[in-house]
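Chains as they are written, first to last, in my numbering: chain A, 113 to 223; chain B, 100 to 213.
It is possible that some hints are incorrect.
[Said to hold, decoys possible] As a list, the in silico DSBU-like pairs of lysine-lysine whose alpha-carbon atoms are at most 35 angstroms apart:
id, chain 1, residue 1, chain 2, residue 2
1, A, K115, B, K201
2, A, K180, B, K201
3, A, K115, B, K156
4, A, K169, A, K115
5, A, K179, A, K152
6, A, K149, B, K156
7, B, K201, A, K149
8, B, K201, A, K179
9, A, K115, A, K180
10, A, K180, A, K152
11, A, K153, B, K156
12, A, K153, A, K115
13, A, K152, B, K112
14, A, K179, B, K156
15, A, K152, B, K201
16, A, K149, B, K112
17, B, K112, A, K115
18, A, K169, B, K201
19, A, K168, B, K201
20, B, K156, A, K180
21, B, K156, A, K169
22, B, K112, A, K153
23, B, K201, A, K153
24, A, K168, B, K156
25, B, K156, A, K152
I should point out that these hints are in silico values taken from the structure, not numbers from a laboratory.
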Amino acid sequence: EDKVVQSPLSLVVHEGDTVTLNCSYEVTNFRSLLWYKQEKKAPTFLFMLTSSGIEKKSGRLSSILDKKELFSILNITATQTGDSAVYLCAVAVQGAQKLVFGQGTRLTINP
Amino acid sequence: KAGVTQTPRYLIKTRGQQVTLSCSPISGHRSVSWYQQTPGQGLQFLFEYFSETQRNKGNFPGRFSGRQFSNSRSEMNVSTLELGDSALYLCASSVRDVRDEKLFFGSGTQLSVL
Numbered sequence: 113e114d115k116v117v118q119s120p121l122s123l124v125v126h127e128g129d130t131v132t133l134n135c136s137y138e139v140t141n142f143r144s145l146l147w148y149k150q151e152k153k154a155p156t157f158l159f160m161l162t163s164s165g166i167e168k169k170s171g172r173l174s175s176i177l178d179k180k181e182l183f184s185i186l187n188i189t190a191t192q193t194g195d196s197a198v199y200l201c202a203v204a205v206q207g208a209q210k211l212v213f214g215q216g217t218r219l220t221i222n223p
Numbered sequence: 100k101a102g103v104t105q106t107p108r109y110l111i112k113t114r115g116q117q118v119t120l121s122c123s124p125i126s127g128h129r130s131v132s133w134y135q136q137t138p139g140q141g142l143q144f145l146f147e148y149f150s151e152t153q154r155n156k157g158n159f160p161g162r163f164s165g166r167q168f169s170n171s172r173s174e175m176n177v178s179t180l181e182l183g184d185s186a187l188y189l190c191a192s193s194v195r196d197v198r199d200e201k202l203f204f205g206s207g208t209q210l211s212v213l
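Using the sequences and the hints, build the whole thing.
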């Protein structure tokens with residue numbers, strides 16, 4: 113069965129800290145890995161990764177994929193209170209037209 | 100460009116009733132997917148439609164069904180509601196081009212079954 117596991121499930125840090133969120137996966141036919149941010153209801157797209165070792169960056173957020181070790185990390189530097197959210201990792205499975213999601217990491221940034 | 104629109108935003112039903120949720124995708128998007136989100140299980144795939152055809156279905160009982168119309172709008176129906184069906188139901192649309200499988204989510208319908 114396809115599985116995506118995120119860690120930690122919950123994280124509380126102070127504003128200005130750097131955080132690393134982890135995502136590991138076991139899927140039969142990997143196509144791509146995606147990161148989403150869910151603040152209230154609608155998850156919003158952050159990154160899509162398909163190739164190993166290539167870092168994607170957007171401002172203070174960055175992500176990288178390791179297809180050999182089957183994991184990805186999401187880094188957030190100089191965190192702000194607005195970064196507080198649930199971060200979701202998902203894997204697109206070849207030929208299945210669906211995403212398999214992890215449980216999410218609830219990140220809380222305290223001022 | 101308008102985002103994915105889901106209606107209603109909130110719904111309260113009692114056990115045994117049925118419910119229909121609606122989703123309007125982003126203009127030009129032909130694929131619509133539905134996900135159920137609960138605190139215990141996270142986001143779980145329900146089904147995906149493309150050009151009015153269901154292409155994939157998740158591991159949910161037959162009480163969960165859906166359809167897509169010619170204008171790409173989609174509905175999902177849950178019959179004989181159970182307490183465990185209480186969840187946030189999220190709809191997502193995508194172009195579903197082979198090069199791009201990003202999903203764009205709506206704000207969801209929060210269903211409470213009493």
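Compare the distance between the alpha carbons of K169(A) and K115(A) with 35 angstroms, and conclude whether the hinted pair is satisfied. holds (26 angstroms)
Would the hint linking K156(B) and K169(A) be met if the CA-CA limit is 35 angstroms? Answer holds: K156(B) to K169(A) is near 34 angstroms, not above 35 angstroms.
Is it true that the CA of K115(A) sits at most 35 angstroms from the CA of K180(A)? Between K115(A) and K180(A) the Cα gap is close to 16 angstroms, so the pair holds against 35 angstroms.
Given the hinted pair K168(A) and K156(B), is their alpha-carbon gap at most 35 angstroms? holds (31 angstroms)
Given the hinted pair K201(B) and K153(A), is their alpha-carbon gap at most 35 angstroms? holds (17 angstroms)
Is the Cα-Cα distance between K156(B) and K152(A) 35 angstroms or less? Satisfied, since the Cα-Cα distance of roughly 26 angstroms is no more than 35 angstroms.
Mind checking the alpha carbons of K180(A) and K201(B) for me, to see if they're no more than 35 angstroms apart? Holds. K180(A) to K201(B) sits at ~23 angstroms (cutoff 35 angstroms).
Quick one, are K152(A) and K112(B) close enough, alpha carbons at most 35 angstroms? Distance of about 22 angstroms is within 35 angstroms: holds.
Given the proposed pairing of K201(B) with K179(A), does the C-alpha separation stay at or below 35 angstroms? Roughly 19 angstroms between the alpha carbons, so the hint for K201(B) and K179(A) holds.
Hint consistency between K115(A) and K156(B) [alpha-carbon to alpha-carbon, up to 35 angstroms]: holds (17 angstroms)
Satisfaction of hint between K201(B) and K115(A), Cα-Cα up to 35 angstroms: holds (19 angstroms)
For a C-alpha distance cap of 35 angstroms, please report whether K112(B) and K153(A) respect it. holds (20 angstroms)
This entry satisfies every hint, going by the numbered hints stated previously.
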